[in-house]
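Can you make the complete structure from the sequences, with help from the hints?
Residue numbers (the working numbering): 1 to 242.
No lab work stands behind these hints: they were computed from the structure.
Just so it is clear, the structure is predicted and the values come from calculations on it, not from any experiment.
Just so you know, even glycine gets a beta-carbon here, dropped at the ideal spot from N, CA and C.
Don't take each hint at face value.
Said to hold, decoys possible - Simulated crosslink set (SDA-like; lysine to any residue; CA at most 20 Å straight-line):
hint : residue 1 : residue 2
1    : K122      : L82
2    : K233      : R194
3    : K122      : L146
4    : K233      : L220
5    : K135      : K165
6    : K233      : P110
7    : K233      : V83
8    : K195      : G94
9    : K178      : N163
10   : K165      : L155
11   : K233      : R143
12   : K233      : V210
13   : K233      : S186
14   : K165      : C182
15   : K195      : N163
16   : K77       : G134
17   : K195      : E213
18   : K165      : Q200
19   : K135      : V83
20   : K233      : H201
21   : K178      : F196
22   : K195      : G168
23   : K195      : V177
24   : K178      : G148
What the hints assert, rightly or not - Listed next, with one range per pair, are the computed distances between beta-carbon atoms:
hint : residue 1 : residue 2 : range
25   : E213      : S169      : 38 to 44 Å
26   : S214      : G94       : 24 to 30 Å
27   : L220      : C182      : 17 to 23 Å
28   : N163      : E116      : 48 to 54 Å
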Amino acid sequence: SQSVLKWLGLPTFSNFAPNLYFDREKITETSIESTVKKVYHNGLIDFWGLSGGERFTKQIKELPSESFVPFEYLDTKPSESLVLSMQPLEEALGYCFKNKWLPLQSLTHPSHTTLEHGRLWKCQGFNERKNEGGKVAAYDYQRLELLGDAILSYLVTTQLFLNEKEYGSYTPEAITVKVARCVRNSVLATVGVRKFSLHQHIRCSPSLIVQIESFALEKLTVVGKISSIDPPKPLADIFEAL
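In structure tokens:
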């Protein structure tokens, strides 16, 4: 994430947080994550402007896919079975990933990497650390979700700000509220289930799978009513990561 910021010419988190203490109280991980998202979001608007969404996404697409994956994955690709498992998702998204590690990592919840069968991924290829046909450590979606959250908020903000005829005229405060409503967990989780069937692809612990499947079943069978089940945050997280 830091390298992407530098490549785009934006300030990195280190410019804003030289240390992790304030008023003698240690900042929580949640506070750090929230601050980083704000830095991304505000930095994107300052650098690209409110009408720069198209140019920004174009430049992001031009980044080497290796910019977003761990060093261990360089010069490798997932095993054929893992690649095949990504095809239904790519069909639902209408997009084929050049680097197959990206969707795999985007779908992996931290709980999955603690499972015995989820700690390592089979790979094909060769790099300096691994032999051909070996295994690499499994990474979860948290870094990609952090970046995706900021980009999604930026794009929604610019759409609301620049298209008053379509969405109505809003004050800055109203736009902030509107953006928050558009990208909240319940919205992203619902869209992820109904449009992309993300509940069928997420990799997580069995206990979390039960919660996700219950939410998905309700969303797919009951339309137009307030959900009686809290939206599982991981569904929104993988939406942002992807």
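(message) Just to be careful, I want the Cα atoms of K195 and G168 compared with a cutoff of 20 Å; is the pair within it?
(response) violated, 26 Å
(message) A range of 17 to 23 Å was offered for this pair. Does it hold for the Cβ distance of L220 and C182?
(response) Once the Cβ atoms are compared, 22 Å apart, the range 17 to 23 Å for C182 and L220 holds.
(message) What's the verdict on K233 and R194, does the C-alpha distance respect the 20 Å limit or exceed it?
(response) holds, 16 Å
(message) Check whether the Cα positions of K195 and E213 lie no farther apart than 20 Å.
(response) holds, 15 Å
(request) Please work out if K195 and G94 have their alpha carbons no farther apart than 20 Å. (result) holds, 11 Å
(request) Measure nothing beyond the straight line between the CA atoms of K122 and L146; if it is 20 Å or shorter, mark the hint as holding. (result) Distance of about 26 Å is beyond 20 Å: violated.
(message) Hint check: K178 vs G148, CA-CA at most 20 Å. Holds or violated?
(response) holds, 18 Å
(request) Below or equal to 20 Å on CA atoms is what counts here, so check K233 against S186. (result) holds, 8 Å
(message) Next pair to validate is K233 with L220; report whether the Cα-Cα distance is within 20 Å.
(response) holds, 18 Å
(request) Note whether the CB distance of N163 and E116 lies within 48 to 54 Å or breaks it. (result) Given range 48 to 54 Å: holds, Cβ gap about 50 Å.
(message) Check the hint pairing K233 with H201 against an upper bound of 20 Å on the C-alpha distance.
(response) Status holds; Cα separation ~15 Å.
(request) For the pair supplied as a hint, K233 and V83, confirm whether the alpha-carbon distance does not exceed 20 Å. (result) violated, 26 Å
In the structure shown, a violation is registered for the earlier hints numbered 3, 5, 7, 15, 18, 21, 22, 23, in ascending order.
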